[in-house]
Amino acid sequence: MTVAAKKVWTDEELMKIKHEGKVELVDGEVILMTPAGLEQGGICADLLTRLNNYVRRHKLGRVFDAQTGFRPHENMRAPDISFVSFERLPKGELPKGFGRFAPDLAVEVFAPNETVADYEDKVAEYLSWGVRLIWLVDPNTRTVTVVRADGERKVLGEKDVLSGEDVVPGFKIRVKKVFE
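In my numbering, the protein residues as written are 39 to 218.
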(Lines of atoms letter the chains of each structure in order from A and count residues from 1; the text may use other names and numbers.)
(Lines give C-alpha, C1' and ligand atoms only; values in the text may rest on other atoms or scores of the structure.)
Protein backbone atom coordinates (compact mmCIF):
# COMPACT_ATOMS: atom_id res chain seq x y z
CA MET A 1 0.00 0.00 0.00
CA THR A 2 1.36 3.41 -0.98
CA VAL A 3 0.56 6.56 0.93
CA ALA A 4 0.77 9.82 -0.98
CA ALA A 5 2.74 12.48 0.82
CA LYS A 6 0.89 15.68 1.63
CA LYS A 7 2.15 18.65 -0.31
CA VAL A 8 3.76 21.29 1.83
CA TRP A 9 2.70 24.64 0.41
CA THR A 10 4.75 27.79 0.75
CA ASP A 11 3.11 31.18 1.13
CA GLU A 12 4.51 32.16 -2.27
CA GLU A 13 2.92 29.13 -3.99
CA LEU A 14 -0.45 29.82 -2.37
CA MET A 15 -0.35 33.47 -3.42
CA LYS A 16 0.26 32.48 -7.05
CA ILE A 17 -2.89 30.34 -7.37
CA LYS A 18 -5.13 31.87 -10.02
CA HIS A 19 -8.70 31.78 -8.71
CA GLU A 20 -11.52 34.33 -8.58
CA GLY A 21 -12.69 33.37 -5.08
CA LYS A 22 -10.60 33.09 -1.97
CA VAL A 23 -8.35 30.15 -1.16
CA GLU A 24 -7.71 28.37 2.13
CA LEU A 25 -5.23 25.62 2.97
CA VAL A 26 -6.58 22.89 5.24
CA ASP A 27 -4.54 19.81 6.13
CA GLY A 28 -2.36 20.17 3.03
CA GLU A 29 -5.33 20.54 0.67
CA VAL A 30 -6.03 23.79 -1.16
CA ILE A 31 -9.70 24.69 -0.86
CA LEU A 32 -10.97 26.92 -3.68
CA MET A 33 -13.93 28.92 -2.43
CA THR A 34 -16.56 30.43 -4.69
CA PRO A 35 -17.06 34.19 -4.80
CA ALA A 36 -19.75 35.53 -2.45
CA GLY A 37 -23.27 36.19 -3.65
CA LEU A 38 -24.71 39.69 -3.43
CA GLU A 39 -26.35 39.22 -0.01
CA GLN A 40 -23.25 37.72 1.58
CA GLY A 41 -20.91 40.20 -0.10
CA GLY A 42 -23.08 43.17 0.82
CA ILE A 43 -23.25 42.16 4.48
CA CYS A 44 -19.47 41.64 4.54
CA ALA A 45 -18.76 44.99 2.90
CA ASP A 46 -21.10 46.93 5.18
CA LEU A 47 -19.91 45.29 8.40
CA LEU A 48 -16.26 45.62 7.35
CA THR A 49 -16.79 49.33 6.59
CA ARG A 50 -18.45 50.01 9.94
CA LEU A 51 -15.80 48.04 11.85
CA ASN A 52 -12.90 49.56 9.91
CA ASN A 53 -14.17 53.12 10.39
CA TYR A 54 -14.48 52.52 14.14
CA VAL A 55 -11.07 50.82 14.46
CA ARG A 56 -9.31 53.56 12.47
CA ARG A 57 -11.03 56.38 14.38
CA HIS A 58 -10.00 54.85 17.72
CA LYS A 59 -6.54 53.71 16.52
CA LEU A 60 -7.07 50.12 17.71
CA GLY A 61 -5.38 48.13 14.95
CA ARG A 62 -6.21 47.02 11.39
CA VAL A 63 -9.24 45.42 9.73
CA PHE A 64 -8.73 43.00 6.83
CA ASP A 65 -11.03 41.65 4.13
CA ALA A 66 -11.77 38.11 2.96
CA GLN A 67 -8.73 37.96 0.70
CA THR A 68 -6.37 38.15 3.69
CA GLY A 69 -4.84 34.89 4.85
CA PHE A 70 -3.62 33.98 8.31
CA ARG A 71 -1.24 31.08 8.78
CA PRO A 72 0.07 30.84 12.34
CA HIS A 73 0.56 27.07 11.80
CA GLU A 74 0.35 24.82 8.71
CA ASN A 75 -3.22 25.66 7.70
CA MET A 76 -4.07 29.01 6.16
CA ARG A 77 -7.51 30.50 6.71
CA ALA A 78 -9.06 33.68 5.34
CA PRO A 79 -11.96 34.93 7.48
CA ASP A 80 -14.53 37.09 5.68
CA ILE A 81 -13.51 39.94 7.99
CA SER A 82 -10.72 40.04 10.55
CA PHE A 83 -9.33 42.50 13.04
CA VAL A 84 -5.80 42.54 14.42
CA SER A 85 -4.90 44.83 17.30
CA PHE A 86 -1.74 46.89 17.12
CA GLU A 87 -0.31 44.67 19.89
CA ARG A 88 -0.39 41.63 17.57
CA LEU A 89 0.74 43.36 14.39
CA PRO A 90 4.42 43.32 13.45
CA LYS A 91 6.06 46.70 13.98
CA GLY A 92 6.64 48.85 10.91
CA GLU A 93 5.26 47.90 7.50
CA LEU A 94 2.80 45.05 7.14
CA PRO A 95 4.36 41.84 5.79
CA LYS A 96 3.70 41.04 2.13
CA GLY A 97 2.82 37.42 3.00
CA PHE A 98 0.16 35.89 5.19
CA GLY A 99 -0.26 36.79 8.84
CA ARG A 100 1.91 34.37 10.82
CA PHE A 101 -0.24 35.16 13.86
CA ALA A 102 -3.92 34.83 14.69
CA PRO A 103 -6.35 37.70 14.24
CA ASP A 104 -8.01 38.96 17.41
CA LEU A 105 -11.46 38.84 15.75
CA ALA A 106 -12.58 36.53 12.95
CA VAL A 107 -15.93 37.10 11.23
CA GLU A 108 -17.59 34.59 8.92
CA VAL A 109 -20.71 35.51 6.94
CA PHE A 110 -22.71 32.50 5.77
CA ALA A 111 -23.74 31.79 2.20
CA PRO A 112 -27.41 30.87 1.64
CA ASN A 113 -26.94 27.12 2.20
CA GLU A 114 -24.55 27.32 5.19
CA THR A 115 -25.21 26.84 8.90
CA VAL A 116 -23.23 27.11 12.13
CA ALA A 117 -22.54 23.37 11.89
CA ASP A 118 -20.59 23.96 8.66
CA TYR A 119 -18.14 26.15 10.59
CA GLU A 120 -17.40 23.95 13.61
CA ASP A 121 -13.95 22.83 12.37
CA LYS A 122 -13.00 26.38 11.42
CA VAL A 123 -14.18 27.74 14.79
CA ALA A 124 -12.17 25.07 16.64
CA GLU A 125 -9.10 25.95 14.59
CA TYR A 126 -9.52 29.67 15.19
CA LEU A 127 -9.80 29.05 18.94
CA SER A 128 -6.71 26.81 18.91
CA TRP A 129 -4.81 29.64 17.19
CA GLY A 130 -5.76 32.09 19.93
CA VAL A 131 -8.48 34.07 18.13
CA ARG A 132 -10.15 36.00 20.96
CA LEU A 133 -13.60 36.57 19.45
CA ILE A 134 -15.53 35.02 16.55
CA TRP A 135 -18.74 36.30 14.96
CA LEU A 136 -20.72 33.85 12.82
CA VAL A 137 -23.17 35.96 10.83
CA ASP A 138 -26.16 34.03 9.52
CA PRO A 139 -28.37 35.96 7.05
CA ASN A 140 -30.68 32.93 6.83
CA THR A 141 -31.78 33.22 10.48
CA ARG A 142 -30.75 36.90 10.87
CA THR A 143 -28.65 35.98 13.89
CA VAL A 144 -25.03 36.32 14.95
CA THR A 145 -23.42 33.56 16.99
CA VAL A 146 -20.69 35.02 19.18
CA VAL A 147 -17.91 32.63 20.18
CA ARG A 148 -15.48 33.74 22.87
CA ALA A 149 -11.91 32.54 23.41
CA ASP A 150 -13.04 30.16 26.18
CA GLY A 151 -15.53 28.53 23.76
CA GLU A 152 -18.58 30.15 25.34
CA ARG A 153 -21.29 30.87 22.76
CA LYS A 154 -24.22 33.21 22.58
CA VAL A 155 -26.73 33.59 19.76
CA LEU A 156 -27.89 37.17 19.20
CA GLY A 157 -31.14 38.05 17.43
CA GLU A 158 -32.12 41.22 15.59
CA LYS A 159 -33.11 43.07 18.78
CA ASP A 160 -29.76 42.35 20.45
CA VAL A 161 -26.58 44.41 20.27
CA LEU A 162 -23.39 42.90 18.86
CA SER A 163 -20.37 44.12 20.78
CA GLY A 164 -16.63 44.07 20.18
CA GLU A 165 -16.32 43.31 23.90
CA ASP A 166 -12.73 43.71 25.12
CA VAL A 167 -11.35 42.77 21.67
CA VAL A 168 -12.66 45.86 19.85
CA PRO A 169 -13.55 47.99 22.88
CA GLY A 170 -16.59 50.22 22.46
CA PHE A 171 -17.69 48.85 19.07
CA LYS A 172 -21.43 48.12 19.08
CA ILE A 173 -24.05 47.55 16.41
CA ARG A 174 -27.62 46.35 16.65
CA VAL A 175 -27.82 42.93 14.98
CA LYS A 176 -30.75 44.14 12.85
CA LYS A 177 -28.39 46.75 11.28
CA VAL A 178 -25.98 44.00 10.20
CA PHE A 179 -28.65 42.68 7.83
CA GLU A 180 -29.97 46.00 6.44
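Possibly wrong hints are sitting among the right ones.
Computed cross-link-like contacts, DSS-like style, restricted to lysine-lysine with a CA-CA straight-line distance of at most 30 Å [unchecked claim]:
{"no.": "1", "residue 1": "Lys197", "residue 2": "Lys129"}
{"no.": "2", "residue 1": "Lys160", "residue 2": "Lys192"}
{"no.": "3", "residue 1": "Lys97", "residue 2": "Lys56"}
{"no.": "4", "residue 1": "Lys60", "residue 2": "Lys97"}
{"no.": "5", "residue 1": "Lys214", "residue 2": "Lys60"}
{"no.": "6", "residue 1": "Lys56", "residue 2": "Lys215"}
{"no.": "7", "residue 1": "Lys60", "residue 2": "Lys210"}
{"no.": "8", "residue 1": "Lys56", "residue 2": "Lys134"}
Ranges between beta-carbon positions, derived for each pair [to be verified]:
{"no.": "9", "residue 1": "Glu190", "residue 2": "Ile55", "range": "13 to 23 Å"}
{"no.": "10", "residue 1": "Lys54", "residue 2": "Glu190", "range": "13 to 23 Å"}
{"no.": "11", "residue 1": "Ile55", "residue 2": "Gly189", "range": "24 to 34 Å"}
None of these hints come from the bench; they were simulated from the model.
Think of the CB as a built atom: it goes at the ideal place given N, C-alpha and C, for glycine as much as any other residue.
Hint-by-hint comparison with the structure:
{"no.": "1", "hint": "Lys197 / Lys129", "verdict": "violated (40 Å)"}
{"no.": "2", "hint": "Lys160 / Lys192", "verdict": "holds (17 Å)"}
{"no.": "3", "hint": "Lys97 / Lys56", "verdict": "violated (34 Å)"}
{"no.": "4", "hint": "Lys60 / Lys97", "verdict": "holds (28 Å)"}
{"no.": "5", "hint": "Lys214 / Lys60", "verdict": "holds (27 Å)"}
{"no.": "6", "hint": "Lys56 / Lys215", "verdict": "violated (35 Å)"}
{"no.": "7", "hint": "Lys60 / Lys210", "verdict": "holds (28 Å)"}
{"no.": "8", "hint": "Lys56 / Lys134", "verdict": "holds (18 Å)"}
{"no.": "9", "hint": "Glu190 / Ile55: 13 to 23 Å", "verdict": "violated (36 Å)"}
{"no.": "10", "hint": "Lys54 / Glu190: 13 to 23 Å", "verdict": "violated (40 Å)"}
{"no.": "11", "hint": "Ile55 / Gly189: 24 to 34 Å", "verdict": "holds (33 Å)"}
In the structure shown, a violation is registered for the earlier hints numbered 1, 3, 6, 9, 10, in ascending order.
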